[in-house]
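A.B. asks: Listed below are the residues making up each chain.
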Amino acid sequence: MASSEESAFEEQWMPREEVLGGLPGPLEEEPESLRKDIADELQDHLLSSLAQERQRTVDVELAEQNVLDRFGDVRQVARRLWFDWMKGKIMTQRLTLATTLLTAFALIGVCVLGWNLVQQNREFNSELLEKLSAMAVKPAPEVEVNTSEVSDVSVLLARGTNPPYPPAIGYSAQLTSSNLNLNERRSFTTKSDVDGRLFFERVMPGEYDLAVTTPTGEILRSNIEINKKSSRSYRFRCPEDRLQFSKVKFKINWPEDLDNKGLITILNFETQREQDEDWKRENLPFRFHLLLKDSDLIWHKIAQDELYWLSKNGRVPYPQYREFAQAQELDVIEFSELYVTDDEEIHAAIDLAQRNYYLKGIDIALSPEMIQAEMEKYHPEKTDRFLMKLIGSHVYESRSKEGGGFGGRRGNQTELNKSCPLFTVSEEEEQTWTVELPEELLEQVREALSRKEI
Amino acid sequence: MDSKLLAGTVEMLILDVVSNGKSYGYAIVQTVTDRSKGHVELKEGSLYPALHRLERQKLLSSSWGEFEGRRRKYYSLTAAGRKVLEAKRQEWEAFAAGVNGVLGVNYGLV
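Quick mapping for you: the protein sequence lines, in order, are chains A and B.
The working numbering puts the first residue of the first sequence at 1, with every later residue one more than the last.
The working numbering puts the first residue of the second sequence at 1, with every later residue one more than the last.
Okay, chain B solo, but in the shape it has when bound (with noise of 0.2 Å):
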């Protein structure tokens, strides 16, 4: 998929994933992936600077668990990210529909 489209969604895909349940950062992209059946590849690298970010904005928390003799820091949502990324899933549908009505999507014009 052209980044420059996943570019404005990056952050509320993230949202989206982590207010499933807490998760880390390969899950993430595992979970992105999965769920847009391979159109959606997060670039990992550029994954993490997006995810401290939400975390600096308190939009999502983290904690500490350990897997395999390893680290792991876990994600959470908290109340303010819930806000947003309701708020920017309003605007991603307005968006959307804009976007599918211009491309005539629903009224079976392609």
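Extracted from the complex, chain A is given alone in its bound form (with noise of 0.2 Å):
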């Protein structure tokens, strides 16, 4: 047995921090034990082992040695002792920790991703909340209605000029405010219901454009006015049939000493409306114009709007002709500008819808070609228009010639004379209306030729 002083010596030898000196910091799951166990048992083989060698071996130093050498690394051992036990728990440990850390981590992910959502969807809600109040604080800009003023208006449509005057059923219709101001401008569309009938709701006072589209297409257009708060009717008969249309020829009776002089005859045309119809009809001129050349129709480069007079008090439309009016003295001559072209197509005939024409007046003019050579001293430049110097007019209507000739809008259905010639074009299928010149015109005609003016 080994004396006291050799255990404390042999304790120092191999004092247990140096058996333990390899090994990791504590854990908190490590048995607390753990270390002493292991540091007691490797002491007690070393000293056990040393013991046994100092049998042998008498220098302390050499048996110290061959222990080891025998043994090893102590601190390896208790180490690999130490990891044994411990592995299962640090496996373990470390999976908690892999496991709490990617638990973690997935919620910190869908917290993100919660949050993301929950932010997109509040600035959506913010937006849609932004627009909704936009909405709710700019309502939808309305035209204001004076409850007051509105009335309801109600159409009858017939058909036929004759009775019983059946109901003109599914015939579409707009009623449109005759208002220039577009913004205030109201539109109204129904279609006429079984007893023939447009029905339109709360509608403004004011002037209105009435437009019925028949079944077989034909637009028909009528002015009604709407007043203040009183419920109207109104009743229209529609044509029964679409209108017919013949080709009609005209010819002009000039006396012989005017013949062939090359001389221009405009011809001044209305339709009246027939004594029990209401509509306008859209594919029906109500006013034209027909420009012969002695007999040849020219027309067709003429246009209501497009004729222009040069009266005495200075209206010259286009002020390159200014100077050569002035030049012609237009005080005392009047011109008329048309657009005519060097290509004067001459046509055979017109279509005309099968009804009464009136005639209103007749101009006689100089054709182009005659004062062409006086134009080119002003305006050499070319150009698509000439002036045709008028040296004849007669109208047939009973107003009074103030205002200018013809070509204005002057005039309406019910101041037509009686004296107006009438031309009717019949269901022949080519017609010839023969134009009488009254004398008084062809007068006019001579002197201003005998003046030769121009």
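In case anyone wonders, no lab produced these hints; they're calculated from the structure.
You may find that some hints are simply not true.
Listed next, the stretches of chain B that the computed footprint assigns to chain A, with coverage defined by at least 3 CB atoms under 8 Å from CB atoms of chain A [unchecked claim]:
| # | stretch |
| --- | --- |
| 1 | 36–45 |
| 2 | 63–71 |
| 3 | 87–101 |
Owing to the predicted nature of the structure, the values given are computational and were not obtained by experimental measurement.
Built from N, CA and C at the ideal position, the CB exists for glycine as well.
Assembly of the complex is requested from the two constituent chains, each provided in isolation within its own frame, with the hints serving as guidance.
C.D. replies: Structure follows, in structure tokens:
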């Protein structure tokens, strides 16, 4: 048995700290006695081995070295023992830690995702609320309707011109305000019911254009006036059938002394509503002008609004002609400026709706060629417009000529004079209208030509 | 002795030593050396990991005693350890017989 002195020495030789020097720091999961047990067990082994060795080896250091040589690295063995015991717990701890971290990351990810979704949802809701608020703050613009003034309008459509006037069923209609302010322009659309009735609700007072489209595609127009708060019914008779057209030729009965002089005849026609007709027809011209050179119809380049008179009050639509007009002493001679191109198209006939037409007036002018030479003195550049010098005019209307000759929108349906020559487009496929020139007009032309104006 | 030959038998030797009664590490090493007449020497550093492994496998149980003022750990064979020892012994005997048969030890061929 070793003495107490030897025990003290042996413990100093391999103290516990030396044995456990290779171990990591204490862990929470580590059994409380694990390190102590490992150290005690290894110390017991080494000291037992040393005691045995010293019986063979007197040299203490050599004995110790022999013990250590047989045992190996004490620290490494202690660490392996510790690790073997702790391996399960460490792995469990690591797995727990990894699982915890993964769970934490997953939770963080879910939270971040959820937060983003919440934020996005919040932003979306905010935008939606803003839009809704904006919509709430700014109500859709509405045309102010004074309910005390609006009226309900009923229009009864009937067919034909003879009793019993059956209802015009299924005719589409549009009632449009004639107000020039487009922002205030109102339009109502409806279709006639089985009684042929059109019904427009809450219509503001004012003038309206009623356009009715028949099942055959013909568009009929009429103006109606809506008064304040006075529900009113209108009755209109629609044509039973579509308009029929015929080809019409024209012939001017020139006297021998004026025939083939290249004179231009301008005929001003106007149709008149039949006594029982309530409509203007979209495809029926109410006023039109025919332009004939001698007896050839060259009218197609003329439009009603393109006719201008250079009158005494100095109305000159095209400033470039002012100089010429002054040179021609326009104070005594009126000029008509017409859109006539170089290529005068001669038409054998034109299509006219089968109905009555009244000749309201006749104007005679010198042809463009006759004044072209004079024109070129002032306007050498090429132009597609020609001035024609008016040398005679006759009006059948009862109205005075004040305000200009023909060409303006003067006159209306009721002012047609009964003296206006009546021309009728019959059902014949082709027909010829012969225009007799009044003697008064012929005298004006002869006088002008005799003065050799221009 | 070549350590490679010993590698698969260390646990069996430990169990066998402890099967004779409780023992402690240094004594186990000495017992193996004495019984094998010095032919088998357990490397002392590798003994303790094997002892602790058998303890965790419940093939050995341990207890602490005191010797000369220091703690000493004793190992005892458990019932499970005894069964495993028996199995390993049979396995070894079969293996040794086979090896001996190949080497002709029992037939005096060497």
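A.B. asks: For this structure, which hints from the list above don't hold up?
C.D. replies: 3
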